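**Student:** Position chains B and C relative to chain A; hints supplied.
Chains as they are written, first to last, in our numbering: chain A, 2 to 135; chain B, 2 to 135; chain C, 2 to 135.
Treat the hints as calculated values from the structure; they're not laboratory data.
The structure presented is a predicted model; accordingly, all values stated were derived computationally and were not measured.
There's no promise every hint is true.
As the list claims (entries may be wrong) - Taking lysine to aspartate or glutamate and the EDC-like style, the derived pairs with C-alpha atoms no more than 16 Å apart in a straight line are:
hint, chain 1, residue 1, chain 2, residue 2
1, A, Lys79, C, Asp54
2, C, Lys79, B, Asp54
3, B, Lys70, B, Asp84
4, B, Lys28, B, Glu4
5, B, Lys79, A, Asp54
6, C, Lys28, C, Glu4
Claimed, not checked - Selected chain B positions facing chain C (in silico; Cβ < 8 Å):
hint, residue
7, Leu6
8, Val104
9, Leu110
A virtual CB, placed ideally from N, CA and C, is assigned to each residue, including glycine.
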Amino acid sequence: MVERLTIRTSGQGLHEITDEVAEVVAKSATASGLCTVFVQHTSASLIIQENADPSARRDLESWLNRLVKEGDAIYTHKEEGPDDMPSHIKSALTATSLAIPIVNGRLALGRWQGIYLWEHRRRGHERSVVVHVG
Amino acid sequence: MVERLTIRTSGQGLHEITDEVAEVVAKSATASGLCTVFVQHTSASLIIQENADPSARRDLESWLNRLVKEGDAIYTHKEEGPDDMPSHIKSALTATSLAIPIVNGRLALGRWQGIYLWEHRRRGHERSVVVHVG
Amino acid sequence: MVERLTIRTSGQGLHEITDEVAEVVAKSATASGLCTVFVQHTSASLIIQENADPSARRDLESWLNRLVKEGDAIYTHKEEGPDDMPSHIKSALTATSLAIPIVNGRLALGRWQGIYLWEHRRRGHERSVVVHVG
Chain A
2 MVERLTIRTS GQGLHEITDE VAEVVAKSAT ASGLCTVFVQ HTSASLIIQE
52 NADPSARRDL ESWLNRLVKE GDAIYTHKEE GPDDMPSHIK SALTATSLAI
102 PIVNGRLALG RWQGIYLWEH RRRGHERSVV VHVG
Chain B
2 MVERLTIRTS GQGLHEITDE VAEVVAKSAT ASGLCTVFVQ HTSASLIIQE
52 NADPSARRDL ESWLNRLVKE GDAIYTHKEE GPDDMPSHIK SALTATSLAI
102 PIVNGRLALG RWQGIYLWEH RRRGHERSVV VHVG
Chain C
2 MVERLTIRTS GQGLHEITDE VAEVVAKSAT ASGLCTVFVQ HTSASLIIQE
52 NADPSARRDL ESWLNRLVKE GDAIYTHKEE GPDDMPSHIK SALTATSLAI
102 PIVNGRLALG RWQGIYLWEH RRRGHERSVV VHVG
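Excised from the complex, chain A in its bound form (with noise of 0.2 Å):
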């Protein structure tokens, strides 16, 4: 089964994607198997983090940021604006596909894990995720 979901961020930082595919997941009533999610997009990308605490979260874009920088005078790639290629090198770094067993119907994530889409532009767009459960 394969689903497509259109999530609608509202600008740079990490967007809860949990609930969205944990429903993709029950619907397709798989007792043990796996899910695959996939991001379409190259200046966006996935990560699984910490859900209980926002400050992990918060710290993580800080850092990621201060280490990808706005303005570094190594980029060529420029005329989608100052984010753009700092949204190249942060998709680079994380990851475009993850991929998660499912047991006893559920998600197997760990109890402090949330599946995350994480919006690397400044502006907020729709994305579309990818997701596979097989």
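**Tutor:** Okay, now just chains B and C, sitting in the frame of chain A:
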């Protein structure tokens, strides 16, 4: 087939789990398929690295420790210790899930590839790794 | 279905393999499923990046070359040349496996996404990539 492994790490570093994963594949008696390894934590991650010379793994760790420093003034998430926020960042930069094809009943790893659980916390932990074979 | 591709790279950089992977998917005649791509090396990796403007890929490479320098005094693993240890680190920061859903018999890549084998060694190599379709 899904099986949960409990891996006891002895502190920060790469802990090889190739044999444990291969054993699940062997038990499943799958001739051709896909093995997915998933770690249920956000302060440990998975990586496929050179299994020959341990100096490559040590250098990798030293390099990442220098990139993702403890005590960075950017961190606000500090209650769980100085090694907690770096652990989340290191996890974000490496993998939470790995997928390895199975060919002729065996993991299709390259000659020099081993599967490692990367403990990012200073102290050893009991880590849950879920292995799916399909 | 599992198929091994041999990809000859011509030196450091991103080498597109979208067509080769798509051909395996077409041959498998899978209408709906999952395609997993796995590289059997620890000094080359996989990445999904923008396939339109080559400047994005060049900038990505320049940026990563600056982050992961040759000749870093931290390296002890040097026997295989100055580009060896950086290759392992770059592989660790990018992907060894990628999973892409198959929808209507085709890879569900976004409009601007291409699949690339990233050669991290200076010289070209014959690289083994295993493609699983299920």
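**Student:** Check the hint pairing B:Lys28 with B:Glu4 against an upper bound of 16 Å on the C-alpha distance.
**Tutor:** At roughly 10 Å apart (the allowed maximum being 16 Å), B:Glu4 and B:Lys28 satisfy the hint.
**Student:** Hint B:Leu110 vs chain C: min CB-CB distance below 8 Å?
**Tutor:** 7 Å, holds
**Student:** When the nearest CB of chain C is found for B:Leu6, is that gap smaller than 8 Å?
**Tutor:** Nearest chain C Cβ about 19 Å off; hint violated.
**Student:** Between the alpha carbons of B:Lys70 and B:Asp84, is the straight-line distance 16 Å or under?
**Tutor:** 9 Å, holds
**Student:** Below or equal to 16 Å on CA atoms is what counts here, so check C:Lys28 against C:Glu4.
**Tutor:** Since the Cα atoms of C:Lys28 and C:Glu4 sit roughly 10 Å apart, the hinted pair holds (cutoff 16 Å).
**Student:** For a C-alpha distance cap of 16 Å, please report whether A:Lys79 and C:Asp54 respect it.
**Tutor:** 11 Å, holds
**Student:** If you draw a straight line from the CA of B:Lys79 to the CA of A:Asp54, is it 16 Å or shorter?
**Tutor:** Satisfied, since the Cα-Cα distance of roughly 11 Å is no more than 16 Å.
**Student:** Would you mind confirming whether the straight-line C-alpha gap from C:Lys79 to B:Asp54 stays at or under 16 Å?
**Tutor:** 11 Å, holds
**Student:** Can we keep the B:Val104 interface hint, with Cβ of chain C closer than 8 Å?
**Tutor:** 5 Å, holds
The structure is inconsistent with hint 7 alone, although it conforms to all the rest.
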